[in-house]
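Read left to right, the sequence shown gives residues 1377 to 1557 (the working numbering).
Since the hints were derived computationally from the structure, they do not count as laboratory data.
For clarity, every value in this text was computed on a predicted model and none was experimentally measured.
Treat the hints with care, as some may be off.
[Said to hold, decoys possible] Label pairs and their calculated CB-CB ranges:
| no. | residue 1 | residue 2 | range |
| --- | --- | --- | --- |
| 1 | Gly1432 | Cys1469 | 38 to 48 Å |
| 2 | Asp1442 | Thr1380 | 16 to 26 Å |
| 3 | Glu1454 | Val1388 | 20 to 30 Å |
| 4 | Asp1431 | Ala1459 | 13 to 23 Å |
| 5 | Glu1552 | Phe1440 | 42 to 52 Å |
| 6 | Leu1554 | Ile1382 | 28 to 38 Å |
[Claimed, not checked] Below are the BS3-like pairs computed for lysine-lysine, each with C-alpha atoms no more than 27 Å apart in a straight line:
| no. | residue 1 | residue 2 |
| --- | --- | --- |
| 7 | Lys1384 | Lys1455 |
| 8 | Lys1474 | Lys1414 |
| 9 | Lys1478 | Lys1455 |
| 10 | Lys1414 | Lys1389 |
| 11 | Lys1414 | Lys1455 |
| 12 | Lys1414 | Lys1486 |
| 13 | Lys1486 | Lys1474 |
| 14 | Lys1474 | Lys1389 |
| 15 | Lys1381 | Lys1414 |
| 16 | Lys1389 | Lys1478 |
| 17 | Lys1389 | Lys1455 |
Each residue gets a CB set at the ideal place from its N, CA and C atoms; glycine is no exception.
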Amino acid sequence: AEDTKIRKRVAVKVLARDLVGDASMVSRFRKEAEAASKVGHENIIDITDFDRTADGHYFLVMEFLDGTDRGSIIRNGEKISLARGLDIMIQVCRGLDKAHEKGIVHRDLKPGNIFLTARGSIVDFVKLLDFGITKFTEMDEDGSRLTRTGQIIGTPMYMSPEQALGEEEIERIKNEVLDNL
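Go ahead and model the full structure; you've got the sequences and the hints to work with.
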């Protein structure tokens, strides 16, 4: 899309019409915009607006990126060198570190959410995408959290063991291991 006020190319993400009536999905969509905006790091997608159209469509506006996601590279069978892979992961870690400093945990980090674009002389400039299932380690203004204990959300193939099993199960396993030492 184009921001007609400043003649700037942008990307617009629209919440699916069938999810507009689901308060938790609308809240997650809004949290995606808040989380990415709160981090404010060069390796995190820049989201500039969140709103609702007159006919009820929720949308967010973000920087337009030209490039490809890491998932597409994997699906195409492209091999990358160790040096290139390390450079990409260092940038991923920088973005995640800044998010963690702000009390934000991504929770759906996968190749499809690691976008590679060119910036200046950097061929593989990383932008982390999709903060839709972010966990805020701080409480919301109303004293609640968006996600609940025991709720499993994300892409199963890329979940941490703690997330996939749940914190209670990890604690049980840890205690069992310690008891058997």
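Hint check for Thr1380 and Asp1442 - Cβ pair distance inside 16 to 26 Å: holds, 20 Å
Does the structure keep Lys1384 and Lys1455 at a Cα separation of 27 Å or less? Answer violated: Lys1384 to Lys1455 is near 34 Å, above 27 Å.
Starting from Lys1414, check that the Cα of Lys1389 is at most 27 Å away, please. holds, 18 Å
At the C-beta level, are Glu1454 and Val1388 separated by a distance inside 20 to 30 Å? holds, 29 Å
Agreement of Lys1486 and Lys1474 with the hint, judged by alpha carbon distance not exceeding 27 Å: holds, 18 Å
Could you grab the alpha-carbon distance between Lys1414 and Lys1455 and see if it respects the 27 Å cut-off? Roughly 34 Å separates the two Cα atoms, so the pair is violated.
Straight-line alpha-carbon gap Lys1414 to Lys1486, limit 27 Å: Roughly 21 Å between the alpha carbons, so the hint for Lys1414 and Lys1486 holds.
Proposed proximity, Lys1455 with Lys1478 (alpha carbon, max 27 Å): Measuring from Cα to Cα gives roughly 34 Å; hence the hint is violated.
Is Lys1389 close enough to Lys1455, meaning Cα to Cα at most 27 Å? Roughly 30 Å between the alpha carbons, so the hint for Lys1389 and Lys1455 is violated.
Taking 13 to 23 Å as the hint, is the beta-carbon distance of Asp1431 and Ala1459 inside that range? Violated - the Cβ-Cβ distance for Asp1431 and Ala1459, about 50 Å, lies outside 13 to 23 Å.
Lys1389 and Lys1478 were given as a pair; does the straight-line alpha-carbon distance stay at or below 27 Å? holds, 24 Å
Given the hint that Lys1474 pairs with Lys1414, test it: the Cα-Cα distance must not exceed 27 Å. At roughly 10 Å apart (the allowed maximum being 27 Å), Lys1414 and Lys1474 satisfy the hint.
Consistency with the previously given hints fails for numbers 4, 6, 7, 9, 11 and 17, ordered from lowest to highest.
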